[in-house]
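Could you use the hints to bring the two separately framed chains together as a complex?
Taken in sequence, the protein lines are chains A and B.
Take 1 as the starting number for the first sequence in the numbering used here and just add one per residue.
Take 312 as the starting number for the second sequence in the numbering used here and just add one per residue.
Hints are not guaranteed to be accurate.
Said to hold, decoys possible - Selected chain B positions facing chain A (in silico; Cβ < 8 Å):
(1) I369
(2) I504
(3) M628
To be verified - Here are the simulated DSS-like pairs of lysine-lysine, each with C-alpha atoms no more than 30 Å apart in a straight line:
(4) B:K357 with A:K122
(5) A:K122 with B:K557
(6) B:K536 with B:K552
(7) B:K477 with B:K357
(8) B:K355 with B:K477
(9) B:K557 with B:K536
If you're looking for bench data, these hints aren't it; they were derived computationally from the structure.
Glycine included, each C-beta is placed from N, C-alpha and C at the ideal position.
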Amino acid sequence: MLRYILQRSGYMIVTLFIIVTITFFLMQLLPGTPFSNPDKLSERQLELMEEKYGLDKPVPVQYITYIGNLLQGDLGLSFQYEGRTVGSMIGERIGPSALIGGQAVVIGLLLGVVLGVISALKHNSFLDYGSVFIAVLGMSIPSFVFAALLQYYIGVRLEWLPAALWKDYSHSFLPSIALSVLVIATVARFIRTEMLEVLGQDYVNTARAKGIGEVVVILKHVLRNALIPVVTVLGPLAVSIMTGTLVVEKIFAVPGLGEQFTLSILVNDYSVIMGITLFYSALFIFIVFVVDILYGVLDPRIRITGGKNDG
Amino acid sequence: MMANQRKEITDDLFVHEPLEEGKAEELSESPTSFWREALGRLFKNKGAVMGLITIIVISVLAIAGPIMNSYHYDDQDILRSNLPPLIPGLEWMGLDGTNVDGVNIYEQQGVTDAPAWAGTDEFGRDLWTRVWKGTQISLLIALVAAFLDLMIGVIYGAASGFYGGKVDDIMQRIVEILIGIPNLILIILFILILEPGITSIILALVITGWVNMSRIVRGQILQLKGQEFVLASRALGSSNKQLLWKHLIPNVVGPIIVTLMFTIPTAIFFEAFLSFIGLGLQPPLASLGTLIEDGYQEMRYFAYKLIFPAIVISAIMISFNVLGDGLRDALDPKMRK
Numbered sequence: 001m002l003r004y005i006l007q008r009s010g011y012m013i014v015t016l017f018i019i020v021t022i023t024f025f026l027m028q029l030l031p032g033t034p035f036s037n038p039d040k041l042s043e044r045q046l047e048l049m050e051e052k053y054g055l056d057k058p059v060p061v062q063y064i065t066y067i068g069n070l071l072q073g074d075l076g077l078s079f080q081y082e083g084r085t086v087g088s089m090i091g092e093r094i095g096p097s098a099l100i101g102g103q104a105v106v107i108g109l110l111l112g113v114v115l116g117v118i119s120a121l122k123h124n125s126f127l128d129y130g131s132v133f134i135a136v137l138g139m140s141i142p143s144f145v146f147a148a149l150l151q152y153y154i155g156v157r158l159e160w161l162p163a164a165l166w167k168d169y170s171h172s173f174l175p176s177i178a179l180s181v182l183v184i185a186t187v188a189r190f191i192r193t194e195m196l197e198v199l200g201q202d203y204v205n206t207a208r209a210k211g212i213g214e215v216v217v218i219l220k221h222v223l224r225n226a227l228i229p230v231v232t233v234l235g236p237l238a239v240s241i242m243t244g245t246l247v248v249e250k251i252f253a254v255p256g257l258g259e260q261f262t263l264s265i266l267v268n269d270y271s272v273i274m275g276i277t278l279f280y281s282a283l284f285i286f287i288v289f290v291v292d293i294l295y296g297v298l299d300p301r302i303r304i305t306g307g308k309n310d311g
Numbered sequence: 312m313m314a315n316q317r318k319e320i321t322d323d324l325f326v327h328e329p330l331e332e333g334k335a336e337e338l339s340e341s342p343t344s345f346w347r348e349a350l351g352r353l354f355k356n357k358g359a360v361m362g363l364i365t366i367i368v369i370s371v372l373a374i375a376g377p378i379m380n381s382y383h384y385d386d387q388d389i390l391r392s393n394l395p396p397l398i399p400g401l402e403w404m405g406l407d408g409t410n411v412d413g414v415n416i417y418e419q420q421g422v423t424d425a426p427a428w429a430g431t432d433e434f435g436r437d438l439w440t441r442v443w444k445g446t447q448i449s450l451l452i453a454l455v456a457a458f459l460d461l462m463i464g465v466i467y468g469a470a471s472g473f474y475g476g477k478v479d480d481i482m483q484r485i486v487e488i489l490i491g492i493p494n495l496i497l498i499i500l501f502i503l504i505l506e507p508g509i510t511s512i513i514l515a516l517v518i519t520g521w522v523n524m525s526r527i528v529r530g531q532i533l534q535l536k537g538q539e540f541v542l543a544s545r546a547l548g549s550s551n552k553q554l555l556w557k558h559l560i561p562n563v564v565g566p567i568i569v570t571l572m573f574t575i576p577t578a579i580f581f582e583a584f585l586s587f588i589g590l591g592l593q594p595p596l597a598s599l600g601t602l603i604e605d606g607y608q609e610m611r612y613f614a615y616k617l618i619f620p621a622i623v624i625s626a627i628m629i630s631f632n633v634l635g636d637g638l639r640d641a642l643d644p645k646m647r648k
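Next up, chain B with everything else stripped away, as it sits in the complex (with noise of 0.2 Å):
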């Protein structure tokens, strides 16, 4: 833009200076690339880099948390039904084994046995395991779901971006339908028809979730494909796959990535509001929608059965949502804010 506001100033009107002895070497280094820029931005980003890290911590301990106590996810023991949570050591966050009117129940019910760190349900589940199996699943289908998202989405959107006319208009009629029905409805209603399990809510998260992709990729395409350099390598002879994937693609895989990002903590939501309205995951596997329905059944008499997947699940929301704007932010410094 600048360049072609001051095409007065000619190059020639410029002489150049003399390299200094020494010098070429460290001119010739190659120009921070716009990656190492945008990773530089992003980690100057304190929330950023904070949603990351709890993002990883969260990760891990879905795979290693069930493993970290003797305790099976569907281990059923009547003797240790309802223990509030105890960990040694931290009993003075009240994490000390009593229950809401102080009465300690592993006195009361003469339990010897290694405490459950974040107490056990009426099955005597312990629901430190339950709760990060549960992370893990919801994990596992949001991601499942993201990814799926991201291959319709992207090969949908860049069709019709790039091929346009006739067949862009099509393909854009189906969406502004799709864009028009409440997704949640349509989930609902697939959900009923495929039988509750983790492949039908991936599925019934998919159908309407890769459309928000496709518009992002298919608006980028629109951008992209007017501009010289498509003109340029068209000239040159590429054909359309390769100045497709070559070349388009490529330049769309910022906003691809801060939409992946919002489209994960989508998905994790709408797995927990199923399994909320009783259409979830059948017993005894947990998601953390499960978790957080059955410590609701509870929450008057247990609260802590509650208040511990709704931690976790809102520190995956936040930490996503806030990975999200942080990267949108890194990747787009025009659309800082």
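If we strip away everything but chain A, and leave its shape as in the complex, we get (with noise of 0.2 Å):
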């Protein structure tokens, strides 16, 4: 297990340099400027600027010296905001998305597990159809649709739930719901399916026969089965969570990661850009790190493969 962690780690370091790599060598193609209004300034101000951002510098002196102050983890500075380090931005913004990104993950896991459960006790009746639909139609509805529409319907008709901003607790609701929805549906269908797979298993006859109540049966037995592999399907959706909150946060104006990162690109702002990006990916290489590792503690069943996998 030590061994295979080790590895694993191995390769997440590798991955994130060459993810550094390309970032960087991309960075230099874009077009433009990254300073606002470049025909303003005369060229002795152009030329401090560069100066003060090393961009006078040769391409490869430029990468040794990123890559040097990302290892003290310095992401340099932004472009646009005077003087603001990529690092304290990240960090200030990074609570409300971890707020919206996190109540989505909680709501979807238990309003998914319910529909799931619901959908695989009932099998073949109208309420299971009913849940396919609904996980149908979250896995279908692109997110940010889906939140225009929360937002018109509930936000600005109705007026039930505050439709932007961020002020005070209430107004992460929205956002929370709109990136939910994608996890119920994924988790209900996999639960779904999990289950019945467990419902014919052996031991759940024996447990039967040996006279345990149905609802500690479903409990204990099929559902805790059933629960081990949706650990897999954490990881993808924490991508999806993390590509939905940039657009959920446009939509719903929450100041969180993803807002920065869509200004950021709107306007420019390089250093920001890749330290975002960077984020992201260290962020997602993480999770299925942890999901993998988690995976093989949980069910004792899996082997691990010295991390390959085919299929």
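Listed below in structure tokens is the structure:
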């Protein structure tokens, strides 16, 4: 197990390093300059600016400097916000994103499990078809379409919840709900198939034959075993939530990481784009890593095969 | 599998029943082929059939919709700006040309020429025409991207799985790194470098899109290449090329089709997503994403601008997902859930 973790950590670092390199050189290819209104700046001013950000040095030198700084946890300075470091910008924007993302996962897991369980227990009934239908809707409708409709009907027309901005806790509800839909759908589908499979297993019959109450059988024997594989979808779900935050935060004007990212793209703030890209990638790689380890720990039946999995 | 377990029942234990006169013809009829059987299973699945019909209807409308009325997708007419939808005969559905406050805008602005079935935008462009034109472009982007994914994915996956060993190792390390990067981020970076446009969106989608297809194909080929029919074919002297294209790839067609069915909605989603965050097509061109973005901006006062494209994109996504599920069940009865 320890060997496996070490090996995976090694892979993680190599992957991250390659991502840093790709991002860095892609940034070099970007058209335009990172300075707003370059026409208004005199040549001397431009020179001074470039010197300040180290843009006057040859690209390989810039690359080595960037990697060096990165190793010390320094992501550089923002081009657009005078004197702000990228690190501090990410730091202060991560809170709202983490809050709505976390709430979306909690809502999604709870409702998803409930829907999935109902579906599996009432297999081929109207309840089953109903929740399968909800799951298909949730997986198909793009998050930003759903978020926009939610904002319009619940926020603007009915005025049940605040439609946008970030003032108190209640402002986090609509964005969280918008993000949770995909989680609900994915988890519900997964739980349904897993439960149907577990329900047909011999040990469930054995448990029933021993006279254990149906509720206990379902909770302790069926649901518990059906929940384990759900861990595997957490990785892809984390990515979808990250993708979702980009637009959902824009729609609900949440001052989170995703909103900063879309904003920086529009104003060519290279260092911030790079910083957030690296942050997202690192987070993603880390989540996949944790999920893999967790899966092995939760289900001893799974043998870890040196990080290789086919298909 | 079953035959192996019952080896002790050998053929000579069986006595052939003599054929009845005239029955020989009937029996020699070719057995139902795999594909016909799969198609039969697919058509029994009501959801999948509905999905297929919806996709066909939307595709027809995407081609025919823009020429169903006299407006061109970039015709501007300030006199006709912000008209709510009005379809004569369907007034009871709310498509009566009135705004949120119940004021008939057509009477108010004195518009007497042909009504806008889906309303008009702030420049007076007809939204019916624009939405179907946008659907056309979104579908085009998705189809081309899916086709390129298919080509690259199948070749890469087949090569990796078929040759195995060192080649496979190196090719899979590359794939692992590509999977390690959240693909949306990579897509956004590429769009930033290439100027926004149809071609650059397609390229950006393909850069990460083929990976999934290649993994599916590789997995299948790895499973297949150990089977007896491959050995038999090799023993009969087929070349690698023949083996790959005549024996292996045809056996992977099922999973390829299923993956393709899920690639198309993913591409449509990413295209709309990019347009929504401002990295998509530039006006007057329209895609479903740009229309939703425009509609979203004015949703407070002109909700119809958002709702119509939102319905179309949701219908496309739902149909492809349901059809994909149906195809998977039909092509692989073992996976049926």
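So, going through the hints one by one against the coordinates:
Taking 8 Å as the C-beta contact cut-off toward chain A, the hint placing I369 (chain B) at the interface is violated, the least distance being around 14 Å. Given the 8 Å rule on beta carbons, the hint for I504 (chain B) holds: about 5 Å separates it from the nearest Cβ of chain A. Hint status for M628 (chain B) relative to chain A: holds, with the closest Cβ pair at about 4 Å, below 8 Å. In summary, the hint linking K357 (chain B) to K122 (chain A) is supported, as the alpha carbons are separated by about 20 Å, within the 30 Å threshold.
With a C-alpha separation of about 45 Å, the suggested pairing of K122 (chain A) with K557 (chain B) is violated against the 30 Å cut-off. For the hint linking K536 (chain B) to K552 (chain B), the alpha-carbon distance of about 13 Å falls within 30 Å, and the restraint holds. Between K477 (chain B) and K357 (chain B) the CA atoms are separated by roughly 46 Å; this puts the pair beyond 30 Å, and the hint is violated. For the suggested pair K355 (chain B) and K477 (chain B), the alpha carbons sit about 45 Å apart, so the restraint of at most 30 Å is broken.
For the proposed pair K557 (chain B) and K536 (chain B), the alpha carbon gap of about 13 Å is at most 30 Å, so the pair holds.
The earlier numbered hints that this structure contradicts are 1, 5, 7, 8.
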